[in-house]
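Protein chains in written order, with the numbering used here: chain P, 1 to 124; chain H, 1001 to 1735.
If you are wondering where the hints come from, they were derived from the structure by calculation, not from laboratory data. One thing to keep in mind: the hints can contain errors.
Calculated pairs, BS3-like style, for lysine-lysine (alpha carbon to alpha carbon, straight line, at most 25 angstroms) [what the hints assert, rightly or not]:
1. H:Lys1073 / H:Lys1084
2. H:Lys1400 / H:Lys1434
3. P:Lys58 / H:Lys1400
4. H:Lys1400 / H:Lys1420
5. H:Lys1073 / P:Lys58
6. H:Lys1467 / H:Lys1422
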Amino acid sequence: MTTKVLAIDDSRTIRNLLRVSLESAGFEFHSACDGQEGVDVFPDVDPDVVITDINMPKMDGFGVIGSLRSGPNRTNVPILVLTTESSDDLKARARGAGATGWIVKPFDDASLVSVLRRLTGHVS
Amino acid sequence: MSMNSIRDTFFEECEELLEALVEGLSHMEEASDDMEVINAVFRSVHSIKGGAGAFALDRLVNFAHAFETVMDKVRDRELAVDEKLMALFHRSGDQLSDLVASARDGTDLDPTAEDSIVKELESYLGPEAKAEEFSFSAVTLDFDGGAPIDLPDLDLADEASDDQQPKENLFEVHFRPERALYENGHEPLLLFDALAELGPLTVEADLARLPDFDSFDPNDAVISWNMSLVTPESETTLHEIFEFVEGLCELNISLSSQAPCSPKPEALPVETASEPEPIAEVASVAEQQPEPKEPAEISIAAPDIVLEKQPEAQPSALPTAAAPKETRGPKPTLRVDLDRVDRLINTVGELIINQAMISQRIEELDLPTVAHLTNELEAYKLLARDIQEGVMAIRAQPVKPLFQRMSRIVREASDATHKKAKLVTVGDSTEVDKTVIERLADPLTHMIRNAVDHGLETSAIRQSAGKEPVGTIRLSAAHRSGSVFIEISDDGAGLDRERILAKAIEKNLIAPDVELSEPEIDNLLFLPGFSTAGQVSNLSGRGVGMDVVKNAVQALGGRVSIASTQGKGTTFTIVLPLTLAVMDGFVISVGNQTMVIPISSILETIRPNSKDIHVIGTDSQLVNVRGAYVPIVDVAHSLGLEDAKARETNGILLLVSTEAQDLTALRVSAIHDQRQVVIKSLESNYTAIPGVSAATILGDGKIALILDPEELIKLAHYNPLDPFAQNTKMELRHA
Chain P
1 MTTKVLAIDD SRTIRNLLRV SLESAGFEFH SACDGQEGVD VFPDVDPDVV
51 ITDINMPKMD GFGVIGSLRS GPNRTNVPIL VLTTESSDDL KARARGAGAT
101 GWIVKPFDDA SLVSVLRRLT GHVS
Chain H
1001 MSMNSIRDTF FEECEELLEA LVEGLSHMEE ASDDMEVINA VFRSVHSIKG
1051 GAGAFALDRL VNFAHAFETV MDKVRDRELA VDEKLMALFH RSGDQLSDLV
1101 ASARDGTDLD PTAEDSIVKE LESYLGPEAK AEEFSFSAVT LDFDGGAPID
1151 LPDLDLADEA SDDQQPKENL FEVHFRPERA LYENGHEPLL LFDALAELGP
1201 LTVEADLARL PDFDSFDPND AVISWNMSLV TPESETTLHE IFEFVEGLCE
1251 LNISLSSQAP CSPKPEALPV ETASEPEPIA EVASVAEQQP EPKEPAEISI
1301 AAPDIVLEKQ PEAQPSALPT AAAPKETRGP KPTLRVDLDR VDRLINTVGE
1351 LIINQAMISQ RIEELDLPTV AHLTNELEAY KLLARDIQEG VMAIRAQPVK
1401 PLFQRMSRIV REASDATHKK AKLVTVGDST EVDKTVIERL ADPLTHMIRN
1451 AVDHGLETSA IRQSAGKEPV GTIRLSAAHR SGSVFIEISD DGAGLDRERI
1501 LAKAIEKNLI APDVELSEPE IDNLLFLPGF STAGQVSNLS GRGVGMDVVK
1551 NAVQALGGRV SIASTQGKGT TFTIVLPLTL AVMDGFVISV GNQTMVIPIS
1601 SILETIRPNS KDIHVIGTDS QLVNVRGAYV PIVDVAHSLG LEDAKARETN
1651 GILLLVSTEA QDLTALRVSA IHDQRQVVIK SLESNYTAIP GVSAATILGD
1701 GKIALILDPE ELIKLAHYNP LDPFAQNTKM ELRHA
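So that you can see chain P by itself, here it is in the shape it has in the complex (with noise of 0.2 angstroms):
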């Protein structure tokens, strides 16, 4: 069965590099490019995990965050954050907010998609 991703990005250069890197990982690709529009996709695309940007218009990732794990739509999928910034206090402010992971940018395909794998299982 197909992992299906859903990436929340407003970087066109980011969502381009995330398509690619996970449909040839054999991931089922999905994009939105504010976190509004992750949001609302959510419930059709129906995805197994979430790769959500930090700073968007819009909403930003903790906004997403919060929205997907809470309220109506409450959901249990892995949400990994992507952050340009490492540092120790956004991380505990995402897990805090109920992220599963993060991934720093620039990320390589290869641990991108083994944190992937790591988070949903999925066989390539």
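Based on the hints, put chain H in the right spot on chain P.
Showing chain H alone in chain P's frame:
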């Protein structure tokens, strides 16, 4: 999508981000505490950094990082934006733009400016932040704890175990998840999988905390696990696996023994993961005893969980399963090679010519029952026009990026001249043909520089004149009656006409005794070789004059004019055709020739009465148009043709307005038709002819010249004192 095309997309995205950045910065200028704006600026820089990191563009990353860090302080309200910081942000934006360009084109960029900006940016940060080293090497996963980490290299490890039989470690792992671990989307089984990849693993479930069935809350975390792992890997590697769950569980990893490796798996105290037998067994809830006291030892029963070594990932060899699709993107766009669009435009041009020919042929056939055919033809004509407009729209782009670049020019020019200036742009969503935008960049840059350098006064002079100390350069674009109007105005002192006149006489451009009107004096600026700069400043004196600007605009089929008011400022207006390929024109007769004149230049057509025509001197004629006397220019005569009929009958007068003269009436013999014509360059196919801007192919296949009213009027003899007419002729003789 290849890596190269992702890279291309990245640079395209950078352009958009830089645009947003410039826009955000200019908004910050107005409202420096608007969080939305500050966030948008931050995000632009941040996204450039993020993308640049992926392509190992370290210089860009480091600069963006410094920029972003200061911006972040502003965002956190730790830093207030003053004029000085704003100026630094602008310069940082410019530098970022240069760095992007240099990364894209692979060109070298002198690091001097970059270094000094970074130093300035860093001066806004505390000492601890300055020391923060920013490493963006290939590594990716960042692990808690800050301890130096060796990333596991599984291949090497495997080889090593074959050859050298490295030491195997026996780790005891105690793992007790908290409820939050599950709520954050973690799955212990996957963690065990990851551990099992490191070596033989035994897992025992500890069900001691499992409550009564009645009080069982499935969301609670009640099971803990004790594991033993035999692996050559270090403890750090084990911690890496638990990286994401740290803080969400009780975790205890201890090294219980370190023995020389036994090559035989059977000798190990636990079963190997590669064997098909169960290596970890967990009690089912149903068989759970009510109050287990000895957690580690009890109830090992079915169902069994088998942990097997995961097959290695084979990323490249995998066919894409279920067609992956992007759910919802931004407004969908399509990137097309410009050549293709231009080929299409060319073909559409031919289509329009072809349509005109077919129409004409059918008309010539004079078929008795063509009514039906005529309707169809009319529809064909409309369709062809729709296609043409649609294709032209592909090439149309907003002037915004062009205008935004000008804010940098204003900044640089005001720095260089020590004047204070700001740029105000209006109508930057106005769309103009791509080529026009490209070719307008240089003239516009020059005019903006001029406006700051020559147009604006120093702050001191401005204040003594009762003006704002900061001068305003206004750049506007608008569509008006089928043309694009671009205005560059300053609120400076206005043109110094006495000086212009003196200069023109000194440079022998005009006769000393010539009497000129104010607009005529202003237009002297466009004469080749004219330069008003009393002293050569940093900006002017580059050998580029307004004549170059004028030529560039004319090459685009446009014209440029000046209006200036003493003490109030100067406005340059550039009027350009909407498209370069097709235009609406009147098909007219001049002598025995068929020609085309652009409709956009014609204000009115008149069939005059003889009593309205007045002769002045021997040759000049005026026509009375509702009480105003307008000079008549005989087109045939200007072009060196004879057109006796037009003279006798007074012909048809086309009223045009030009920059040098308010109104002029062009006399032609007849107007035949109004139609869209495809512009074919005369210069590239033949040679430039004075008074003629281009040529076109008419429906009958004949070539017709397209007239340039502006030049025609200058060619005319109606005003022997007109310096432009004379000068134009001199130029022509030189050419």
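Structure-based check of all given hints:
For the hint pairing lysine 1073 (chain H) with lysine 1084 (chain H), the CA-to-CA distance comes to about 15 angstroms; that is within 25 angstroms, so the pair holds. Distance restraint check for lysine 1400 (chain H) and lysine 1434 (chain H): the Cα-Cα separation of roughly 12 angstroms lies within the 25 angstroms cut-off, and the hinted pair is therefore satisfied. In summary, the hint linking lysine 58 (chain P) to lysine 1400 (chain H) is supported, as the alpha carbons are separated by about 24 angstroms, within the 25 angstroms threshold. For the proposed pair lysine 1400 (chain H) and lysine 1420 (chain H), the alpha carbon gap of about 23 angstroms is at most 25 angstroms, so the pair holds.
Of the pairs offered as hints, the one joining lysine 1073 (chain H) and lysine 58 (chain P) holds, with about 21 angstroms between alpha carbons and a cut-off of 25 angstroms not exceeded. A hinted pair counts as satisfied when its Cα atoms are at most 25 angstroms apart, and lysine 1467 (chain H) with lysine 1422 (chain H) qualifies at roughly 14 angstroms.
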